[in-house]
Amino acid sequence: MSESAVEHVTAPAHHAAAESHHPTAVQYLVVAGILTVLTVCEIGVYYIPALQSVLVPLLLILSAGKFYLVAAYYMHLHFDSRIFSGLFFFPLTLAALILISLTLLLGFLAHHPGP
Amino acid sequence: MTMPFRLNRCRIATWSGLTLLLLSVVGCAPPPGTHYRLDTLSPRSALTQRFYDIFVEVTVIDIIVLIIVVAIFVLALMVFSTRTGEPTEFSWRTDVFLETAWIVIPMILVIAIAIPTVKTIIETQPYTWSPDTLEVRVIAHQWWWEFRYPSTGVVTADEVHIPVNRQINFAMVSRDVIHSFFMPALGGKRDVVPGQENHITLTANTPGEYWGQCTEFCGDSHANMRFRVFVDTPEQFDAWTKHQLSAPVHPTEGLAAEGAKIFADAPCAVCHTVRGISGLSPQYTYGFRGPDLTHFGSRGTIAGAIMDNTPENLALWIHNPDAVKPGANMPTLGLSGHDLNALVAYLESLK
Amino acid sequence: MAAQPRPIHAEQTSYLEGGGIYGWLTTIDHKRIAVLYGVTAVFFMALGGFEAMAVRTQLMYPNNHFLSAQTYNQFFTTHGLTMIFLVIMPLETGFFGNFLIPLQIGARDVAFPRLNALSYWIFLFGAITLNLGWLYGGLPNGGWFGYANLTERYYSPGPNIDFFDLGLLVLGVSSVMSALNFFVTIINMRAPGMTFFRMPLFIWSILVTVILILLAFPSLTVGLIFLFMDRYFDTHYYRVIAGATPILWQHLFWIFGHPEVYIMILPAFGLISEVIPVFSGKPLFGYPMMVYAIIAIAFLSYGVWGHHMFATGMGPVADMTFSVTSLLIAIPTGIKIFNWLFTVWGGRLRFTTAYLFALAFVIQFTIGGLSGMMHASPPIDLEQTDSYIIVAHFHYVLGLGALFAILAGFYFYWPKVTGRMLSETLGKWHFWLAVWSFNATFFPMHFLGELGMPRRIYTYAPHMGWDFWNKWETWNAYIIALSFIPLLLNIYWSLTNGERATEDPWDARTLEWSVPTPPPIYNFAEVPTVTARDAFWVAKYGSVEASGLTQSAPAIAPALVDVSKIHIPAPSLYPLLMGLGIFGMALGMLIGWYRVIFTAMALLVFSAIAMAFEYPNWGEENPHAVAESFLGLDSRKVGMWSFIGSETVFFACLISTYMVYKSRSLGVYDAGILNIPLTSFSTFVLLTSSLLMVLALAAFQRDDHKWGTIWLIGTALFGCIFLGGQVYEFGDFWLEHGMVFNANLFSQCFYTLVGFHGFHVFIGVVWLLVMAFAGIFGKLNAKRSLAVEICGLYWHFVDIVWVVIFVLVYLMRTVKGA
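Protein chains in written order, with this note's numbering: chain F, 2 to 116; chain H, 32 to 382; chain B, 3 to 820.
No wet-lab data here; the hints were simulated from the structure. As the structure is a prediction and not an experimental result, all values here were calculated from the model. Backbone N, C-alpha and C fix where the C-beta goes; we use that ideal spot for every residue, glycine too. Certain hints may be false.
Claimed, not checked - For each label pair, taking beta carbons as the anchor points, the in silico distance ranges come out as:
1. Leu-105/F x Ala-143/H: 51 to 59 Å
2. Thr-816/B x Gly-239/H: 50 to 58 Å
3. Leu-56/F x Ile-146/H: 36 to 44 Å
4. Gln-53/F x Thr-90/H: 50 to 58 Å
5. Trp-709/B x Leu-98/F: 41 to 49 Å
6. Thr-94/F x His-66/H: 45 to 53 Å
7. Met-138/H x Glu-501/B: 42 to 50 Å
From just these sequences and the hints, can you work out the full model?
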């Protein structure tokens, strides 16, 4: 948050600009189409035995794509003030780090089974 | 409104006084060379020696930094406290050189601390042990310590014997809540966690008696969960092991024999084992299993090493455990008078 | 049912005047709320101080019997909890934050005044919950850190830990609410020209602090919810017997706990950075570096929580990582200390009491920081952790650090808050007594730590080398208590006989000193335009560098506006009632009376609805929304996004727990039970609902309220279908497979994670229906489409959480060790 906040020092107060360029209904429908395709891919990947070895990376990439589309288009981060992107992606990064480090700390690094 | 201050000389005196005071407080630190039971400044193993060396290094760094900060501080106050009312021509707001200096200097100090730290971590947290390592299993209970020697089968409580100059691996696990196994002179501390085996690996270098204590808050009697470590010569240690493995002599007459009967009849035997004589196997003693009492009379302390093992103390303990160790899991049996004395006599006879 | 807004006469001179007791109970003025926080915190400081004195008395002699072990454990626990959550945080964020944020950034109030009042009342009731043990059952007794599994019902059967658990949950709600409020205020409500790098350093420190609160408290909340479930619903989150590990609590607690340390110390840095420049007669040295240092500390504070856990056996990799990140904090901290020193250097010093406390802070905090460098190194930490050297460390940082900063701020701002001056003589007495007694009490704790004295022990044996210093510390602790007597006398003297304070008694630099003393309810008759840092100094003397001897402009510009036209939000009783509702729910949970819980819930819902109708024209307009915004953003939208940020961390903690416990779970149930076809269908339903939501927004934005309403109802309907699928899924697991809530680690983590998501969907559906009704009654149009947009943000967030859950929980169900 803080860094994007700092950048705004030089460009304060776009009163009108912030709310204007929301996507049209057609764009929304296109995004919905892509989301559907991605979800079908996810489920497909899950059910195709040949892809089991690359299941995790494939699923992560597909879901990251969906995540981004919803955040950027439905939640308008792509169009709104960058401060909102900061407000979302900074905590998101932190959340991802917490998830990764907790999984490592409790799963791999300190696994001494008791007697 | 500006507050006029006239007593400049007084103020300088006070500030110097404050500095002196700080220094004198620092000077009141425990004098070097004195040893107390739990002090962290008398390392007696290679492991704690490493801890101690880093501690000294960081302390020296800390003191130097503190002296610099205090010096700038006192100087600033002494020089500029006299300037009340003088006009300032300049207003010093920033200085690239200084700002860089106090980024770079702390960074050097951080690196100076980080290098030995990382080195020690890598070298003292091995999960492999040399073949002749003696394993001692430490099992923490609310609020006492159980020690088991898997290689010989010795089981004891609150007092652990280890041979000098031999690598010892304390493998620790808790039966109930989280405790911490702290023996400052020999191994520092490590939490004892239920469901997770932690280790302290050390080689003690000086025979003697060392104290330890639980240092993770573990309930009512956290303060009453102490233990002793005896670093023996190899001969002493072998003799001790042999003695521990022998069955105790079962008293056949006198007060002690009566006590043996009370021990077996009263609920004592539900939790406590006297090998060869009484005691249920562990699967029946669920929840609160008490210390193994096979060679109880040979121990120096009772009740989590908080009292010397004397008949009086033992009677006090059995009479009302909760008064000695609040929250203790040992029930009050309502024994008194003759029965109590008999039980004490029996337990003390278990040399 | 909506109370008519009572007219407030803006021509009132001081915020303190008028209203009577009812006025204070219903106030939504940030300055009055600040005073409420202050008074409450001072009360609890007395209570926490009393506990500390009792604890010290017990430790005076070896084998002392002044307190029983149980009482001692309750007192040291509650002393810690009280000082952290009920004294330092409410004083720094609650009192100084509330009072100063709007005044320093040139705003009339915070962004959400009612939410602000609500935060206070919830804080008060949380504090009461935490202290209910005085009346019944005993105070919390598990340490402020409340390490599991000692806090499980089996080891702590009494209500003590329930007070801890529910009290902290309630306090967490309050903290997050006020953090969100302050964040939006600072981002959005600044006066024209108050760019980020013109903000006073206190505002910077609070900004970073509230970000820490927003992103750290969710972790504690998750830990406390698990503890709550273990204690009330017999789950196994911290029970080894089910394959869980109590270390999970430590991670969740310290992910919160270390940022919490900075939540307590950063506002102190901010206060010091306000006091030192004023009495040094110089601008703050190296302002940009100070700002970057605060930001750096905040960033690092999330990566160092493991240094509280070196002894738990995390393994060498984790030990090294956490050690190095912890050591790095020394760099920004060093920057701050030297910048303060060089602010003093070359100044014209005026030794007021506030200045003395601020100067003492610098040295004492340095001592605390230096001993912190020791503990950052695991080899040293393995000797020192949980010993008195740690007690010395954090009392130097928080007691002689944060508390001294609070006292500096107290002496500095008292004239502004009350309109009266304090006696400098009594202040000096207080200062010297405090410096002596605090140092004499806490410095020897370093020695006790070196001599191996463990923390949290209620008794100790003689001849351990601890006897003298313990006795010494106890006597000096009594002097600490005595040192507050001059303060109390001073307060009394000032309120009765104190000299009336002028607007600017200290010749200060920032905007809060430009308003009348005590400030009027509207703060600024005319919202100032800021042209430089140290805005008030520049207004007085022409430039930041000015020596301050010749005034170039009148300090207070005469008000040119008709102050009676200033919009002041009407007072409201509902924040208090809502707080009571939350308190009632916690109380009902404690005594197990479901009638109490439901009554309290009804009160909560009623007052929430009533509060919504209190807005002018039944919520149709928000006069604060854009008009006063600095960035041209709507405050509600900024608020929603910061809430979503906070929620992200909340779900991350829930998902991490699921991932970790999935592979540790014992028993017959595992992720193989999950129904992929059903949840694939649910995923499509939820994605479609998001599409309908944006279509609704697009419709309202082009003023098509018919289709907007239809799409909204459609969204709610799809949400209901999703919920139906979830109910079916849960019912199937529960009834057909017998997988009850606490069957094993997998079942409880699955139900908790997916259940919390379902609860969010439920809230979203309710919200959507409210919006749909507004649409049916023609209350929504293009001008008010923002309300739909904000509701939509929440809805899409719930959707993307599901995107993550669907992949990590469902599609990766067979992946081991993930």
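Hint-by-hint comparison with the structure:
| no. | hint | result |
| --- | --- | --- |
| 1 | Leu-105/F x Ala-143/H: 51 to 59 Å | violated (29 Å) |
| 2 | Thr-816/B x Gly-239/H: 50 to 58 Å | holds (57 Å) |
| 3 | Leu-56/F x Ile-146/H: 36 to 44 Å | holds (42 Å) |
| 4 | Gln-53/F x Thr-90/H: 50 to 58 Å | holds (56 Å) |
| 5 | Trp-709/B x Leu-98/F: 41 to 49 Å | holds (42 Å) |
| 6 | Thr-94/F x His-66/H: 45 to 53 Å | holds (50 Å) |
| 7 | Met-138/H x Glu-501/B: 42 to 50 Å | holds (49 Å) |
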